[in-house]
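J.: Next come the chains, spelled out residue by residue.
Number of protein chains: 2
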Amino acid sequence: MRILLVGAGGVGSAVVPIAARRDFFQHIVVADYDRSRAEAVVSKQVAAGRRAAGGDLRPEDRFSAIALDASDEAAVTAALREHRCDVLFNAVDPRFDMPLFRAALAAGADYLDMAMSLSRPHPSRPYELPGVKLGDEQFAMSPQWEAAGGLALVGMGVEPGLADVFARYAADHLFDTIDEIGIRDGANLVVEGPDGQETFAPTFSIWTTIEECLNPPVVWEDGGWHTTEPFSEPEVFDFPEGIGPVECVNVEHEEVLLVPRWVKAGRVTFKYGLGAEFIEVLRTLHKLGLDSTEPVRIRGVAVSPRDVVAASLPDPATLGERMRGKTCAGTWIKGTGRDGEPREVYLYHVVDNEWSMREYGAQAVVWQTAVHPVVALELLARGVWRGRGVLGPEAFDPVPFLELLNEYGSPWGMREQ
Amino acid sequence: MRILLVGAGGVGSAVVPIAARRDFFQHIVVADYDRSRAEAVVSKQVAAGRRAAGGDLRPEDRFSAIALDASDEAAVTAALREHRCDVLFNAVDPRFDMPLFRAALAAGADYLDMAMSLSRPHPSRPYELPGVKLGDEQFAMSPQWEAAGGLALVGMGVEPGLADVFARYAADHLFDTIDEIGIRDGANLVVEGPDGQETFAPTFSIWTTIEECLNPPVVWEDGGWHTTEPFSEPEVFDFPEGIGPVECVNVEHEEVLLVPRWVKAGRVTFKYGLGAEFIEVLRTLHKLGLDSTEPVRIRGVAVSPRDVVAASLPDPATLGERMRGKTCAGTWIKGTGRDGEPREVYLYHVVDNEWSMREYGAQAVVWQTAVHPVVALELLARGVWRGRGVLGPEAFDPVPFLELLNEYGSPWGMREQ
Chain C
4 MRILLVGAGG VGSAVVPIAA RRDFFQHIVV ADYDRSRAEA VVSKQVAAGR
54 RAAGGDLRPE DRFSAIALDA SDEAAVTAAL REHRCDVLFN AVDPRFDMPL
104 FRAALAAGAD YLDMAMSLSR PHPSRPYELP GVKLGDEQFA MSPQWEAAGG
154 LALVGMGVEP GLADVFARYA ADHLFDTIDE IGIRDGANLV VEGPDGQETF
204 APTFSIWTTI EECLNPPVVW EDGGWHTTEP FSEPEVFDFP EGIGPVECVN
254 VEHEEVLLVP RWVKAGRVTF KYGLGAEFIE VLRTLHKLGL DSTEPVRIRG
304 VAVSPRDVVA ASLPDPATLG ERMRGKTCAG TWIKGTGRDG EPREVYLYHV
354 VDNEWSMREY GAQAVVWQTA VHPVVALELL ARGVWRGRGV LGPEAFDPVP
404 FLELLNEYGS PWGMREQ
Chain Y
4 MRILLVGAGG VGSAVVPIAA RRDFFQHIVV ADYDRSRAEA VVSKQVAAGR
54 RAAGGDLRPE DRFSAIALDA SDEAAVTAAL REHRCDVLFN AVDPRFDMPL
104 FRAALAAGAD YLDMAMSLSR PHPSRPYELP GVKLGDEQFA MSPQWEAAGG
154 LALVGMGVEP GLADVFARYA ADHLFDTIDE IGIRDGANLV VEGPDGQETF
204 APTFSIWTTI EECLNPPVVW EDGGWHTTEP FSEPEVFDFP EGIGPVECVN
254 VEHEEVLLVP RWVKAGRVTF KYGLGAEFIE VLRTLHKLGL DSTEPVRIRG
304 VAVSPRDVVA ASLPDPATLG ERMRGKTCAG TWIKGTGRDG EPREVYLYHV
354 VDNEWSMREY GAQAVVWQTA VHPVVALELL ARGVWRGRGV LGPEAFDPVP
404 FLELLNEYGS PWGMREQ
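In the order they appear, the protein sequences are chains C and Y.
For the first sequence, the numbering used here gives the first residue as 4, with consecutive numbering after it.
For the second sequence, the numbering used here gives the first residue as 4, with consecutive numbering after it.
These are computed hints drawn from the structure, not numbers from a lab.
Incorrect hints may appear among the rest.
Since the list gives no way to pick one copy over another, a pair counts as held whenever it fits inside one copy or between any two copies.
Subject to a maximum C-alpha distance of 35 Å in a straight line, what follows is the list of computed DSBU-like cross-link-like pairs (lysine-lysine) [as the list claims (entries may be wrong)]: (1) Lys47 - Lys337; (2) Lys290 - Lys47; (3) Lys136 - Lys290.
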């Protein structure tokens, strides 16, 4: 397998050291708008000099860097062909999903992303009805992918991604009927400022966080999707492994759109443990129009306020040395167990920043997002997972995924509630 | 008097209809970086067709528009000479003070601004000691202005400006000794959004508001200046004419630097009735680094986050139709009266947005800032106020100013406390 990894940001730069230990692929071309960023990721891996377990290829033969504009569909198609890539691994902001997705289809390559094509609110009733939903543009093109014999595996990070695998696993192996599937994400991470004091610094792309948190959250219920006001239905969820209780609110997220397509459940929700401070920051950005992606003009130059917010904050990928704590992603399932009794479980995956920094030099949140698509690519490379068209993670057998994840040294857990 | 008015923003565009009713000047050249903005202000006045009381000049002969970059000192000097202007009236952000101030000196014109040259915090003890203070750069050049026989009247808006005139008036006519001079600014203005709901929209330049609110506030006490943490010493002040109690906090402002140079007082403070919501917005902007004027790079283009914040919010000058309420600026003096008894007065100026919109088509806050420098220019044009060097409003006799303000139809008030 030859992979075109588009995006050398937080997740992209964590993918390389994870993949470097595995031997399922021949080559990864790391592509970024800023070529020097892609080169830095490759150089770091070459300097580490680590070879795949049992492999004989040196890192300098398995990784290379190119400049690529993710919004330039023709350039991406050309890069896939020039580098003879079998799959495009999309690790950039979801606003670039569609050009990358179409470029892969045009080049005859498979496609993987960790966030689906963007939504647009309902024009008149945004907090009741969905408008264009996450992934709608991608699913609309599923017939073309099927006809071409290609696979687009969408939403294959941690959330969405592992969370969807957990939902399918619960349906296949733990439950007879499922009342509710609730994805719950929380952390106790703190970031120290240069002065040693705790500081405000988002641990994941603020661009994407704004997108998912300020759009109307979507809920699956009674066989259909509806939307609510941002930050609705606050609830305190007790996260495992010492993280403890965190206030979570409804957020627009892919799992709610993906899970019901393959798994039968009365209700599907996604709640994010943002915390009061982060919610206040997001509300303020919205109040000031700084969440907007519509350009404003500054002395003749057009810039998007949201891009400026992202550029003003520290790059989340660089925070690892100053972070402490753990992050947890998981899926809470309530229903009737195989024995006919009520059952409630939380399937989860926790990453300790100290561990991910020591083992991979990557901070916990981006490492956790990066590991699952690498596992999925390995299953595809080995032919364990196969498919055609546009598919979510829950379209595949979850068992080999969860087994292989353990082999990657990052086990998942299950808590009966 | 021929005037070069630099800046056709909120205050600049309110200056024109105020000045148009008066006959003390021959011509105002309205200059802006964006020529169309300057032209729009002039065209609006020409369309209104209003002539000065008793004057025979038509507006089209008294106002003209040019493009001018306020940061280009040589271009400003050339414009002053080309248009034979006697005075430069600075109505742009204070970051342009120094090039404009130096250009006026070079061209042999007088100079007036409404906010002094910028401060820089103390490098090691920013919340205890002042670093470079507001106006320091300007006062340092006072000898050159004196030698050239020119006048730079600095801080001559409403606050600073009228507030300083009030301080001098109290010292000259109301008090024997003054314990404290506290400038207090508050409003009950609300802005309606397009949906008819109250919305967040600053009624004055957010660029300047960030500058003054996030810098360490300065206090004059015991014969010297010291600084505090932003938003320190909150206090509820009861504003007159139905505005009522508003929470005020210490803010860095020119009056604290100007008043003690000419008026003897034990303590001088400035507190601004920001309100809890605005304070939270400013704190959040600071937390995210969006208050910064240091450019960030977005795909090769350098932009200042603070400029983007300003561009994302509605132009304060355009809010008048959607605003309701009153704004109050004033000076609270405590000390010993002429009769030897303790005395406490609040000298104030209130503008009702409904009135300023009806009378001048300008919203209350920018109108209130614009009227006082026009009154001052009239006093200078008529030779009632005279001076050399760099002087604040309190360097002049306050009585003719306060009398002429009444003639402008916007009376001031006094409340014994």
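J.: Give a verdict on every hint.
T.: Against the structure, the hints:
no. : hint            : result
1   : Lys47 - Lys337  : neither (44 Å within a copy, 67 Å between copies)
2   : Lys290 - Lys47  : between (41 Å within a copy, 32 Å between copies)
3   : Lys136 - Lys290 : both (24 Å within a copy, 33 Å between copies)
When held up to the earlier numbered hints, the structure conflicts with hint 1 and nothing else.
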